[in-house]
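Peer 1: As a plain string of letters, each chain reads:
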Amino acid sequence: MTDIQHVSRPFVPPYLLERIASGGSQRLRECARHTLLADRQFRAREGAAHLPQGSSARGQVVRYIYSAGQRQELPGRLVRREGDEAESGDAAIDEAYHGLGATYRYFWEKHQRHSIDDRGMALQATVHFGRDYENAFWDGTQMVFGDGDGELFNRFTIALDIIAHELTHGVIQHEADLVYAHQAGALNESLSDVFGSLVKQYRLGQRVEEADWLIGAGLFTERVAGRALRSMADPGSAYDDPLLGRDPQPGHMRDFVETEDDNGGVHINSGIPNRAFHRLAMALGGHAWDVAGPLWYATLLDERLGRESDFTAFAELTLDNAGQRYGQGSREWTATRDAWRDVGVAVR
Amino acid sequence: MNAGTECQPPPLGISSRLSLRREGGIAHFPGLAQPRLVCCDRLGEAQRERLWQLLAEAARCAAAPMATDAVDRRRFHLAIEDAEGRCQWSVELDEQQMPGALLRLWRDHKPLSRG
Ligand SMILES: [Zn+2]
Numbered sequence: 001m002t003d004i005q006h007v008s009r010p011f012v013p014p015y016l017l018e019r020i021a022s023g024g025s026q027r028l029r030e031c032a033r034h035t036l037l038a039d040r041q042f043r044a045r046e047g048a049a050h051l052p053q054g055s056s057a058r059g060q061v062v063r064y065i066y067s068a069g070q071r072q073e074l075p076g077r078l079v080r081r082e083g084d085e086a087e088s089g090d091a092a093i094d095e096a097y098h099g100l101g102a103t104y105r106y107f108w109e110k111h112q113r114h115s116i117d118d119r120g121m122a123l124q125a126t127v128h129f130g131r132d133y134e135n136a137f138w139d140g141t142q143m144v145f146g147d148g149d150g151e152l153f154n155r156f157t158i159a160l161d162i163i164a165h166e167l168t169h170g171v172i173q174h175e176a177d178l179v180y181a182h183q184a185g186a187l188n189e190s191l192s193d194v195f196g197s198l199v200k201q202y203r204l205g206q207r208v209e210e211a212d213w214l215i216g217a218g219l220f221t222e223r224v225a226g227r228a229l230r231s232m233a234d235p236g237s238a239y240d241d242p243l244l245g246r247d248p249q250p251g252h253m254r255d256f257v258e259t260e261d262d263n264g265g266v267h268i269n270s271g272i273p274n275r276a277f278h279r280l281a282m283a284l285g286g287h288a289w290d291v292a293g294p295l296w297y298a299t300l301l302d303e304r305l306g307r308e309s310d311f312t313a314f315a316e317l318t319l320d321n322a323g324q325r326y327g328q329g330s331r332e333w334t335a336t337r338d339a340w341r342d343v344g345v346a347v348r
Numbered sequence: 001m002n003a004g005t006e007c008q009p010p011p012l013g014i015s016s017r018l019s020l021r022r023e024g025g026i027a028h029f030p031g032l033a034q035p036r037l038v039c040c041d042r043l044g045e046a047q048r049e050r051l052w053q054l055l056a057e058a059a060r061c062a063a064a065p066m067a068t069d070a071v072d073r074r075r076f077h078l079a080i081e082d083a084e085g086r087c088q089w090s091v092e093l094d095e096q097q098m099p100g101a102l103l104r105l106w107r108d109h110k111p112l113s114r115g
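Top to bottom, those sequences are chains V and U. Quick note: the first sequence uses the UniProt record's numbering, first residue 1, plus one each step. Quick note: the second sequence uses the UniProt record's numbering, first residue 1, plus one each step.
Just chain U, with the same shape it has in the complex (with noise of 0.2 angstroms):
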């Protein structure tokens, strides 16, 4: 387990916004692979800090070795944006290397069902 500090996300702030992305599967679906986005200011700081773990998390595992002959996979790309929208930070890793708690936040952040 690499746990580069280079590669640990910077400190969330209240402004910080959070984009999970997937791409990669048998077809691409434009509206899946739309990018979701979490915004800090609506969490409060322990949320912030669990998330900001989790991110940390993530670029650890993403450090494991990617299958190179696998087709119709999938991956995610998560990023940390500042208030102007500038990528601050970034990971992408197999959806395999996914921490099931972000994977989760991904599923919740799908647009609202049609009524």
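Looking at chain V on its own, in the form it has when it is part of the complex (with noise of 0.2 angstroms):
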């Protein structure tokens, strides 16, 4: 469904006469400003000896919440942190604060993890990013997150599922620091929106047949056809929208896309270890974070995992840790084994 009426479309852009005349010293203001822009991001993000202090209790989490004010710098102005009880007023602030809150709270409570390093590495967060921004990021140090244009996506924070599966790949550059691209950046995705929707449905007390099983619920506006970026227990069902298209993603590996897009399909072959895990947390039952949360937590920390490991080279490690816990030839063994295979990957 390419529309490419714009190739027809008359074409006259005032802006690409503008300050034609003023030539080249306006071209190289303009570049010297992203070349610095560029510079000051590359200093920020040097590493987490810039980052503001940690906590040195166990248990007990530290949270920086920034405002860019619609400008793209990092980390920009402090405007919550620690401590600071009362509300701000400001939805993203707020939501940005709670939602590192619930997801500090979940890998400590669940997994007894002290922040994203274990060590009480401070959570740093930077709301109102940019004009219109349409995206959240880890930038390697902090979490980012946009405004959403209004037209087709609302703020990034709204969805807690968003915030976690940011912090999550903090926790993953940490752990197996898994390649991101192909099969192992699509695990590097996928252990995000596990892990986001874990720390959403524990928030919500949710059992697994009560949770949606979607990423980024709430994130379009009504102008959309869709209802998430993903779905997981029904991956290329989110949404099928005309300006944003089809979703993408496949649940099973008869349909895996070899592509270079997206960084060799990072966010589209996600799909079928999405689907592997919620296989898995509806054939075990009761809550995802009993069984299913922490066997795959524990497969992201086996020193076995390598930095370019594949869907089976995962999937052998989760049945690996379901045989050490539970027994092999256990429900939760079978299951793990099951699951996977529902989706097509090949395990023992």
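No wet-lab data here; the hints were simulated from the structure. Remember, it's a predicted structure, so these values are computed and weren't measured experimentally. For glycine and all other residues, C-beta sits at the position ideal for the given N, C-alpha and C. It cannot be assumed that every hint is accurate.
[Said to hold, decoys possible] Derived coverage of chain U by chain V (criterion: at least 3 residues anywhere in the stretch with Cβ under 8 angstroms from a Cβ of chain V; other residues may be distant):
1. 20-26
2. 31-43
3. 71-84
[What the hints assert, rightly or not] From chain V, some residues computed to sit far from chain U (all C-beta separations above 10 angstroms):
4. ASP290
5. ALA298
6. ARG331
7. GLU332
Taking the hints as your guide, dock the two standalone chains into a single complex.
Peer 2: The structure is reproduced here in structure tokens:
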């Protein structure tokens, strides 16, 4: 459904002529500005050394929320920090603050993990990043959330699982550090979705059959024909919209998408391991954080999980961990094996 | 700022086409990832010159260091194609490095909104 109406559309963008008279000096100014911006970001990424004070008490979260004030600058201005209990009244700031808190609490209470690095690293997030910025990302040190364009996307802090998704990228970076391309990258993405969904389910106290298993529900405005960014239960069904196109996620290896787009399909093929996790959780029933979540967490921390692992390597390790915890042939072990077989990933 | 002449775009002729593609981000939206095309036959000479300057600027900005640990970020792929659709020149850059005017060009060339 490639709509290239714009090819034949009358095209007279005035800004192509803007400032042409001022020529080189303006170009140099522009480029210098962009280079400066990039440099600043590069410095900001030099490492967690530049993060503010973390938490020395295990079980105690330390959060810092900044506002970029619609500019593309990191981290921006500090607007809420740990212990500021009064709501700011700014939805993005308050959602980020509570979302980071809920994510910390899940990892601590369910996996005894003390923040992103398990050593109390400060949780830092910037909201109001850019103008009409319709994205959220992990920059290697902190989380960043745009306000959305209001046309297709709402603000990105609106969905707790999105906040948890970005924070989990930090956890992955400190553990398996899966390469962000092809199957390893799709595993990276899938793990962020899995823990994003787990954080949301835990926060809402949901049993597996009560959870929506969607990623990013609430992000789309009412103008979009879609429910969310992704569906873990039924990959490929999250949206089908004239502007966004159709959800491209497969839920089975026979539909695996070979592509160089999207870092080799990291946000596309993640549908396959996402669905395996959903299958396992549904087969076991109860709360997904009781058995399935800890199995995936143990596998993320497993030293045998290499940076370039593919789906099969990851699946084999989940099965091995299930065997170690519950015994080979146990209900949990069998359900894990069947979940992977259901999505076409060959395991023993 | 590395202004290597080898990364400079070729001159834009009347039959050149610029393809702008954005990819990455927290999800892959096939509709938004479609290349957006700017056909030079619809531009006057001064506009083509201005466009060329912007592409040269993009090439210089692309030389800045990239984030290695960043995930869910977006990137732009710019390419000049000849009349036969052959790629003559291309550059990839982080969205932060993208010159504002080219960003607006990408925005303005989105598929038309539904009626
Ligand atoms: Zn992600």
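Peer 1: Hint by hint, say whether it matches the structure.
Peer 2: Going down the list of hints, with the structure as the test:
1. 20-26: Satisfied; 4 residues make the cut.
2. 31-43: n = 10 at 8 angstroms, threshold three: holds.
3. 71-84: holds (count 4)
4. ASP290: 28 angstroms, holds
5. ALA298: 22 angstroms, holds
6. ARG331: 34 angstroms, holds
7. GLU332: Label holds. Min Cβ-Cβ 31 angstroms, cutoff 10 angstroms.
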